[in-house]
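**Student:** Here's the letter readout for the chains.
2 protein chains.
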Amino acid sequence: MPTTNEHLKEAFSGESQANQKYRAFAKQAEKEGFTNIAKLFRTTAEAERIHAEGHLKALDMIANTADNLQAAIDGETYEFTEMYPPMLEQALSDDHKAKRMFKFAVDAEEVHAQIYSKALEAVKAGKDMDVSDFYLCPICGYIELGSAPDECPVCGAKSKVFCQIG
Amino acid sequence: MPTTNEHLKEAFSGESQANQKYRAFAKQAEKEGFTNIAKLFRTTAEAERIHAEGHLKALDMIANTADNLQAAIDGETYEFTEMYPPMLEQALSDDHKAKRMFKFAVDAEEVHAQIYSKALEAVKAGKDMDVSDFYLCPICGYIELGSAPDECPVCGAKSKVFCQIG
Ligand SMILES: [Fe+2]
Ligand SMILES: [Fe+2]
Ligand SMILES: [Fe+2]
Ligand SMILES: [Fe+2]
Ligand SMILES: [Fe+2]
Ligand SMILES: [Fe+2]
Numbered sequence: 001m002p003t004t005n006e007h008l009k010e011a012f013s014g015e016s017q018a019n020q021k022y023r024a025f026a027k028q029a030e031k032e033g034f035t036n037i038a039k040l041f042r043t044t045a046e047a048e049r050i051h052a053e054g055h056l057k058a059l060d061m062i063a064n065t066a067d068n069l070q071a072a073i074d075g076e077t078y079e080f081t082e083m084y085p086p087m088l089e090q091a092l093s094d095d096h097k098a099k100r101m102f103k104f105a106v107d108a109e110e111v112h113a114q115i116y117s118k119a120l121e122a123v124k125a126g127k128d129m130d131v132s133d134f135y136l137c138p139i140c141g142y143i144e145l146g147s148a149p150d151e152c153p154v155c156g157a158k159s160k161v162f163c164q165i166g
Numbered sequence: 001m002p003t004t005n006e007h008l009k010e011a012f013s014g015e016s017q018a019n020q021k022y023r024a025f026a027k028q029a030e031k032e033g034f035t036n037i038a039k040l041f042r043t044t045a046e047a048e049r050i051h052a053e054g055h056l057k058a059l060d061m062i063a064n065t066a067d068n069l070q071a072a073i074d075g076e077t078y079e080f081t082e083m084y085p086p087m088l089e090q091a092l093s094d095d096h097k098a099k100r101m102f103k104f105a106v107d108a109e110e111v112h113a114q115i116y117s118k119a120l121e122a123v124k125a126g127k128d129m130d131v132s133d134f135y136l137c138p139i140c141g142y143i144e145l146g147s148a149p150d151e152c153p154v155c156g157a158k159s160k161v162f163c164q165i166g
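In order, the protein sequence lines correspond to chains G and H.
Those letters in the first sequence? Residues 1 to 166, per full-length UniProt numbering, in order.
Those letters in the second sequence? Residues 1 to 166, per full-length UniProt numbering, in order.
Since the list gives no way to pick one copy over another, a pair counts as held whenever it fits inside one copy or between any two copies.
Straight-line Cα separation of at most 30 Å, DSS-like style, residue types lysine-lysine; simulated pairs:
# : residue 1 : residue 2
1 : LYS103    : LYS9
2 : LYS9      : LYS99
3 : LYS124    : LYS27
4 : LYS31     : LYS97
5 : LYS27     : LYS160
6 : LYS127    : LYS31
7 : LYS57     : LYS158
8 : LYS118    : LYS31
9 : LYS57     : LYS9
It should be emphasised that the hints constitute simulated quantities derived from the structure, not laboratory data.
In this text, all values refer to a predicted model and were calculated from it rather than measured experimentally.
Work out the full structure, taking the sequences as your base and the hints as a guide.
**Tutor:** As structure tokens, then:
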């Protein structure tokens, strides 16, 4: 019999995945011209985010920002050192289409870990980061500080596709 | 040795959860006055959403809207009939704080399934839903069509807290 903490982890995982699925389904509905159904998917995605956040709080997994950054660094490090390398290797040997995003992710996560480490240094020094512009590559998830690069070092996308998240 | 499809499911789960964590961490950073770090968390959350979407595509889990709605109905039905009831029961017997969101979720998911069923009827009749206003309760994830209720039937929140997702 699982404990309530184990239940919370399972429910958090389920709600997080439902949120992502509904956001992707909303885009598909939009493409097919179902504008209202797309809005329904986005609204329900937000409902699942509320459930996910509630479970995360009940797990006491939202700490202070220094601890949150450390948890984020640990998660990113696990992904780029342990999780993704064997996944990429196998997808390459299968020649599975998964290899593309596995490769982008393994490279992007390493950069995420580095940037979170800079953020943690700032917090340990009692201040916010001094950078306020974060440029995201919408193809691979690479992030650059300050200004967009001429070309994405992970996927090769051009400067003009980079975006900022408000 | 897991298959690439099993790897994709694991990676989709991990990315979906990272997205939710970073969004929650962003709110916490904002509360502590770390405006730039909050923006970094939101930007990285979006990077993880890109990874999650890529994995979902590689899993061929984004179908046409009729099939997506059926998958959504199946997921919601699993949650309110099988997943949440024993979780809620145990959290109640533990008197664990998880009981609050488990109760909200089990009730909200049943409503989500009903609304998705209406959407599927419309799609099967070759049209979009005729409703374009979806009111979300930001406390429990309940959704009402057309206009906000006087009081949320799931959590009791007042009409004025209901919001619409664009
Ligand atoms: Fe949910
Ligand atoms: Fe990452
Ligand atoms: Fe890129
Ligand atoms: Fe990622
Ligand atoms: Fe739901
Ligand atoms: Fe509610």
